[in-house]
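Starting from the known structure of chain A, arrange chain B on it as the hints suggest.
Chains as they are written, first to last, in the numbering used here: chain A, 1189 to 1598; chain B, 1189 to 1598.
Treat the hints with care, since some could be wrong.
Estimated spans, in silico, between C-beta atoms of each pair [said to hold, decoys possible]: (1) Thr1413(A) x Arg1406(B): 43 to 53 angstroms; (2) Arg1200(B) x Asp1483(A): 43 to 53 angstroms; (3) Gly1250(A) x Arg1200(B): 21 to 31 angstroms; (4) Glu1484(B) x Arg1319(A): 53 to 63 angstroms; (5) Phe1419(A) x Asp1414(B): 52 to 62 angstroms; (6) Pro1242(B) x Phe1419(A): 43 to 53 angstroms; (7) Arg1406(B) x Asn1308(A): 35 to 45 angstroms; (8) Ser1273(B) x Glu1337(A): 22 to 32 angstroms.
Derived from the structure by calculation, the hints contain no laboratory data.
Values in this document were obtained by computation on a predicted structure and should not be read as measured data.
Heads up, the beta-carbon is just placed ideally off N, CA and C, and yes, glycines get one too.
Each chain, written out:
Number of protein chains: 2
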Amino acid sequence: MVVPPYFEVPPRAYGGVESVVADLTDALMARGHEVTLIGAGEQRTGTRFVPVWPRPVPERLGEPFPEVVHAALVRRVIQRLAARSGLDIVHDHTLAGPLNAPAYAALGLPTVVTMHGPVNQDLHQLYSALRDDIHLVAISERQRQLAPELNWAGMVHNAVRVETFPFRADKGDHALFLGRFHPEKAPHLALEAAHAVGMPLILAGKCAEPIEKEYFEREVRPRLTDQDVVFGVADAEAKRRLLAEARCLLFPVRWEEPFGMVMIEAMACGTPVVALRGGAVPEVVVDGVTGYVCDEPDQLPDALRRLSAIDPAACRQRVVEHFDVGRLGAGYEAAYRKVLARADAGTDSLRRLRREYGELDAALDRRYSRTRRRHSGATHSRTAADRTSGLDRVSGADRTAGKAAKAGSA
Amino acid sequence: MVVPPYFEVPPRAYGGVESVVADLTDALMARGHEVTLIGAGEQRTGTRFVPVWPRPVPERLGEPFPEVVHAALVRRVIQRLAARSGLDIVHDHTLAGPLNAPAYAALGLPTVVTMHGPVNQDLHQLYSALRDDIHLVAISERQRQLAPELNWAGMVHNAVRVETFPFRADKGDHALFLGRFHPEKAPHLALEAAHAVGMPLILAGKCAEPIEKEYFEREVRPRLTDQDVVFGVADAEAKRRLLAEARCLLFPVRWEEPFGMVMIEAMACGTPVVALRGGAVPEVVVDGVTGYVCDEPDQLPDALRRLSAIDPAACRQRVVEHFDVGRLGAGYEAAYRKVLARADAGTDSLRRLRREYGELDAALDRRYSRTRRRHSGATHSRTAADRTSGLDRVSGADRTAGKAAKAGSA
Chain A
1189 MVVPPYFEVP PRAYGGVESV VADLTDALMA RGHEVTLIGA GEQRTGTRFV PVWPRPVPER
1249 LGEPFPEVVH AALVRRVIQR LAARSGLDIV HDHTLAGPLN APAYAALGLP TVVTMHGPVN
1309 QDLHQLYSAL RDDIHLVAIS ERQRQLAPEL NWAGMVHNAV RVETFPFRAD KGDHALFLGR
1369 FHPEKAPHLA LEAAHAVGMP LILAGKCAEP IEKEYFEREV RPRLTDQDVV FGVADAEAKR
1429 RLLAEARCLL FPVRWEEPFG MVMIEAMACG TPVVALRGGA VPEVVVDGVT GYVCDEPDQL
1489 PDALRRLSAI DPAACRQRVV EHFDVGRLGA GYEAAYRKVL ARADAGTDSL RRLRREYGEL
1549 DAALDRRYSR TRRRHSGATH SRTAADRTSG LDRVSGADRT AGKAAKAGSA
Chain B
1189 MVVPPYFEVP PRAYGGVESV VADLTDALMA RGHEVTLIGA GEQRTGTRFV PVWPRPVPER
1249 LGEPFPEVVH AALVRRVIQR LAARSGLDIV HDHTLAGPLN APAYAALGLP TVVTMHGPVN
1309 QDLHQLYSAL RDDIHLVAIS ERQRQLAPEL NWAGMVHNAV RVETFPFRAD KGDHALFLGR
1369 FHPEKAPHLA LEAAHAVGMP LILAGKCAEP IEKEYFEREV RPRLTDQDVV FGVADAEAKR
1429 RLLAEARCLL FPVRWEEPFG MVMIEAMACG TPVVALRGGA VPEVVVDGVT GYVCDEPDQL
1489 PDALRRLSAI DPAACRQRVV EHFDVGRLGA GYEAAYRKVL ARADAGTDSL RRLRREYGEL
1549 DAALDRRYSR TRRRHSGATH SRTAADRTSG LDRVSGADRT AGKAAKAGSA
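So that you can see chain A by itself, here it is in the shape it has in the complex (with noise of 0.2 angstroms):
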């Protein structure tokens, strides 16, 4: 499990991908798997952790560098651990570390890539050009509908740990807006819906890039009343005891929403979510079960009227049964064992492997065959030269006998 560099797993507070991936490992390891988590910082997970920088480099998000560097130390690392203790499979969580993939498959091993992302041009030119290099696990079935031709090997919802989410039925008369200041977010929509049916509303979230303030003031400052709270950043605790409150969550976004935490979480609380249709929305949210899932924001006010309709409890039923942290281990064990499947069945890794060495048959007949010309007269076979070289780490007969105590302990 490959996370990059920025932020610990879990992360102390921001990171999204690190949240998911603690919870992941968590999962894995209940599930009786062994995981090694390569990444930065400190041990705080209950896993083996390798760590390849001291400490975690949130100043350097955004650089090229640091994506780079940490492809070739986290190479290093699966080298080494491949070679000693034995990996069935690579899980990478990183922008650059999927450039591995070839020397991981050189190692018998698959490289499985989640797109946490949103299905845009960059991420689709990239798992594009890395084609059957990578296995891509989608975390909603719109990332797969967007992009049917990229090598996708499942789709594993996120999810959380309900238990971590206080249930409440009885709730305010306010509706709440969770998620940044962002056009994409649409918070002035959630005002415009809220408004229109005489409802307060409690707009919690980041507000930091030049993009988000000019659309705060631009957008939401205008709209505003004397009723409504702009709460600023929620912590963890403030955010459960927000959604517990809440009487809806709206959630109006306007773009290819990859998958949308921040409904579950709502949910798992027993707060409806209404919603306008965008990426998973519709995946997540069951229209007239757990909110609804508007198609015009013109539609929001009256699926706020027949909020009384929703039962908090099939909300939080909705997550238990498909968002929780159980199964997300499942999910990704599935796919784990479909990529291996895959290998087995010769028409992946196997396949690769066979190429590679007819390959390297190839580049080494080349080498031989031009040290024959230079040095003309020392004519020499490929396998005495192997037997002489003294560079094999395994000779041929140490290999015929490790076959033969394999096949014999099979």
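Below, chain B without anything else, positioned relative to chain A:
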């Protein structure tokens, strides 16, 4: 020859690396080599050119994403080229590209990387992590001295096309500073030295980054007199005129200058260089012959007083003999030959190939023993499975025949 996707080769404006690469490809072709350039935009050199981006993306310089996707795209091209037309070596000038070195090694191709930047913590960490995956070429002896433990294959000084620089023996009465307005380049020391001997100074260079602007206001502006001229950024033509007309170039660097192109550009115009010792300076300037190399700023004025002892013709001769593009081509050819000889001698690629053979063998064993465990009863040897799979591009029999044919033609 792999270049970053931000500028064309040769560059239309900025692009130090791209300028060197343009000269290098020309010089290699002049020596009879076939060169394929992989980058962005249009064909602008005499070599075969494969664009992996339809246009350069200078606006994305500094982002992680283009580095990573560029490496993924380039690898596909090199795999295709190696299969079709045969390559001998990959020379990569990008940041993330060297992560592909193991994949190139699997094709029998060594990877050469030029250390274009200073030996700082970042580059040192990256090239240390990559170890003998890559064969480094220094652009100065100083770089190798600073990091002797890296896997150096040679040193090739940067170069210019001497004939594109005008020689002028009769000089003006002013000194010239040409470089970034940055504490590392220290133009304020140039002002102090020139004024100490009553010489006006022309200052030309970039002043765009916040640190450059702040430094200019704090250290440069207060030292300017009515006789000095702040020229701004000089284009190719203005640069040549400024260099040819100046009494000398003042180069009072306060950092580990990796090479210092402007020194050889000045000398090509017959203009002496008065410099502070830093990085590659003493390798480029012959003290007392093509200028003066001072240890401390307070020695600069005395050097300026002794400029009449420097012969402009000797300055140009130094560049003709040591820093012309002909030397660049010969130097890299020698480095490439050394890298290929390492491979032929079995000290490097061959050792790697053998090691990977061993690893592949072990990986195949693991896969097969797993398959055997699952489908107990179905016992088949690996050789039999290989022969019947139909997946091999080259069957065992074909390989043997190929070997015989090659041996016969050698």
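Status of each hint after checking the structure:
1. Thr1413(A) x Arg1406(B): 43 to 53 angstroms: At 49 angstroms between Cβs, range holds.
2. Arg1200(B) x Asp1483(A): 43 to 53 angstroms: 49 angstroms, holds
3. Gly1250(A) x Arg1200(B): 21 to 31 angstroms: With Cβ atoms ~27 angstroms apart, the hint holds.
4. Glu1484(B) x Arg1319(A): 53 to 63 angstroms: Holds - the Cβ-Cβ distance for Glu1484(B) and Arg1319(A), about 58 angstroms, lies within 53 to 63 angstroms.
5. Phe1419(A) x Asp1414(B): 52 to 62 angstroms: 59 angstroms, holds
6. Pro1242(B) x Phe1419(A): 43 to 53 angstroms: Since the Cβ atoms of Pro1242(B) and Phe1419(A) sit about 46 angstroms apart, the hinted range of 43 to 53 angstroms holds.
7. Arg1406(B) x Asn1308(A): 35 to 45 angstroms: Given about 42 angstroms between the Cβ atoms, the range holds.
8. Ser1273(B) x Glu1337(A): 22 to 32 angstroms: 28 angstroms, holds
Consistency note: the structure conflicts with none of the earlier hints.
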